[in-house]
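Number of protein chains: 2
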Amino acid sequence: MDIQQYMQTVGQNARSASRAMASASTAAKNTALNTIARLVRERSTDLLAANARDLEQARADGLEAAMIDRLTLSAKGVESMAQGLEQIAALPDPIGEITNVKRRPSGIQVGHMRVPLGVIGIIYEARPNVTADAAGLCIKSGNATILRGGKEALHCNQAIAACVRDGLAAAGLPATGVQVIETTDRAAVGALITMPEYVDVIVPRGGKGLIERISREARVPVIKHLDGNCHVYIDDDADAAKVLPIVENAKTQRYGTCNTAESLLVARSVARRFLPDIGRMLARKENEMHACAESLAILKAADIPGAKLVEATEQDWYEEYLAPILAIKIVAGLDEAIAHINKYSSQHTEAIISENYTKSMRFLREVDSASVMINASTRFADGFEYGLGAEIGISTDKIHARGPVGLEGLTSQKWIVFGNGEVRA
Amino acid sequence: MDIQQYMQTVGQNARSASRAMASASTAAKNTALNTIARLVRERSTDLLAANARDLEQARADGLEAAMIDRLTLSAKGVESMAQGLEQIAALPDPIGEITNVKRRPSGIQVGHMRVPLGVIGIIYEARPNVTADAAGLCIKSGNATILRGGKEALHCNQAIAACVRDGLAAAGLPATGVQVIETTDRAAVGALITMPEYVDVIVPRGGKGLIERISREARVPVIKHLDGNCHVYIDDDADAAKVLPIVENAKTQRYGTCNTAESLLVARSVARRFLPDIGRMLARKENEMHACAESLAILKAADIPGAKLVEATEQDWYEEYLAPILAIKIVAGLDEAIAHINKYSSQHTEAIISENYTKSMRFLREVDSASVMINASTRFADGFEYGLGAEIGISTDKIHARGPVGLEGLTSQKWIVFGNGEVRA
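Protein sequence lines correspond, in order, to chains A and B. In terms of this note's numbering, the first sequence opens at residue 2 and continues consecutively. In terms of this note's numbering, the second sequence opens at residue 2 and continues consecutively.
The set of hints was computed from the structure by calculation and includes no laboratory data. Every value quoted in this text rests on a predicted model; they were computed, and no experiment measured them. Careful: at least some of the hints might be erroneous.
Note: identical chains are not told apart, hence a pair may lie in one copy or across any two.
Said to hold, decoys possible - Derived BS3-like pairs (lysine-lysine); straight-line CA-CA distance at most 30 Å:
hint	residue 1	residue 2
1	225	103
2	225	209
3	225	344
4	301	344
5	286	209
6	225	152
Take the sequences, apply the hints, and build the full model.
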């Protein structure tokens, strides 16, 4: 197979399909989504068989357990895939929305119309559910999509792709509105990210190495998510009743998610008051504490049974552990906390715990991250929790979409002018 | 001078200044802008002397007349620079705006806050007024800025930069909030566009070659403007009274601007009715007509004195002439017009002339350009005409900002969460 030629064809198909996808009615898009959901359920046996084939190969290739885990599709997984598609069908259609129309002195009326981005390329790991989720979000937002899933999930992805194609066709939409790349050759990725004539934006999902490589080599805009090095700052004026629940939830509810707290900053004036209880909670849950010299002394003095205490190094402040480890640092107060976060954070999500109005509002404004919270767990940074209904990912970029990216992040706004024969003076 | 080292320092200064710029009060930003305006006026003699030095060198180097023209700063130019800064001071401050706050079932309240992008790098030609305009827009939108103007304007740019620095300092803002690069070495541009750690977005202004090179080599997001190949489509149901004024204004009001129409599409059923009058207007204004075979026959049959008629080639449909030339093509109707525009247009600005509601609304929705108009001249695609107050450029990108980019295009929205101790279930 000539990969360049194949990708050219895929790109041309996508660009051509994007016109029909953009002007599709809400009813047609919802019919497609609900039909795909039905087909996924009806063909559950086929999907699981295809997945079994992928799993067999993956085990033969000696894939690590975590990857096998993500690759595995269960009957329950099929059902939640179908439900996810139905939920997307139930969301309001963002396309065509007209806002902000104002009459200008010239007589014209100027406003915005929300429109699809066009063609979206999504590059992701061997997780079959992403194939259905990403296809669903792109269909609803009126985009054509090129999906490139991890090669280990090839058979399962192809089986899901067949459901998507048939669902699109049943709704009178082009079957090429969603294309799943049929080769595992990595050159296909290289081609996909360097076709600005056919692809409007790339959304990579996966490890940091993959995303950095794509950002470096892409000739197309990339909506990306790098690290989630999230911070909780306990202010001098923190409400004691809120401190432990928020720190516990932000750090220990799930360790492997990008909105999990990795660093805890504590105002010096309240460090002795709060750190021993936090240390006991973390020790009970077998978390390591990588603490600055000053917090280390307080934690040691608290004599916590089973505490795993390590003196933090500079590198700890940059770390996204994705593990039961929390970096802990004592700061003078709000200014140092903000400066520390703006220096070391990955600009994902940060929270302050404080009862002080002025300091809370300064934190909200001055911390330069995609999500900034007052008195809430960083774990809320999520498309469902924010009310987007679903998300294609969480962006740590600063232009276009920041934070959880839902349907709206897959659109843009063009200018529209309603005139009555006006000309410019 | 070690360019890499110099640009590192500039980048570090900008990143560091961006924190103070982002949290600056509206009053401080407006004081800075009004002070810069005053200083520009007070130092008018210095500015003109610096410009004279640049012009002398430019003439010695044999620069072409159009470039000399753009480089020239007059006393009136200084005054309009000052007025431009005062107008930006008078615009509402977009920063800190909180919108769309909704309570979620978990109890948290989620919304958006508008924030600066951070550090903006602007690369432009030898036009001294851009230095003041760009600095003004970036100050008001709370960004730190690195300006890299054309080397031919170096002395004048440095003189304007001194006003900007002094104005920032007078308002208690960091003088490094706006930095003008002090070397004419082109390696400085290469460095500027590959420092994602210090620069959040690049706005190139200039010729297509420059912009394509920057887009290709940048490691930082680029908000760019490529061509302005704008179309006017005369529909079967066009109001005769609107046709000639709009076509005349869109094509002939100014030839060198990006929102000038370059292609005219005419529905076959009305071509014989409208083309002869259009041909006479264009001939009177000494415009060439590059017409398709069918429209050429109609124009020839009209026997227009002095008409410059040329048969169009495929290349004409792609052309941004920036000159008294109009490409003319007869199409079957709306569908062919939309298909032609979506194939050949640079996605800048397109207009339909029609009294038909359904066809006008389809044109509005299905034409994939930054500005789409009904019964108005394409020349309206402009920051002032749209009510933005000022623009840093016109984007033909699809993500982030489309069309005229004003203060809002230099910002993004982060998520904010107001909590009361909530944790995720």
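One pair to classify: residue 225 and residue 344, alpha carbons no more than 30 Å apart. Within, between, both, or neither? Classified as both; 20 Å inside a copy, 29 Å across copies.
30 Å Cα cut-off: does residue 301 pair with residue 344 within a copy, between copies, both or neither? within (28 Å within a copy, 69 Å between copies)
Same-copy or cross-copy closeness of residue 286 to residue 209 [CA-CA at most 30 Å]: within (27 Å within a copy, 59 Å between copies)
If the cut is 30 Å between Cα atoms, do residue 225 and residue 209 qualify within a copy, between copies, both or neither? both (10 Å within a copy, 27 Å between copies)
Treating 30 Å as the Cα threshold, decide for residue 225 and residue 103: within, between, both or neither. For residue 225 and residue 103, only the inter-copy Cα distance (26 Å) is at most 30 Å; the intra-copy one is 34 Å.
Evaluate residue 225 and residue 152 at a C-alpha cut-off of 30 Å and name the case that applies: within, between, both or neither. within (21 Å within a copy, 35 Å between copies)
The structure shown violates none of the earlier numbered hints.
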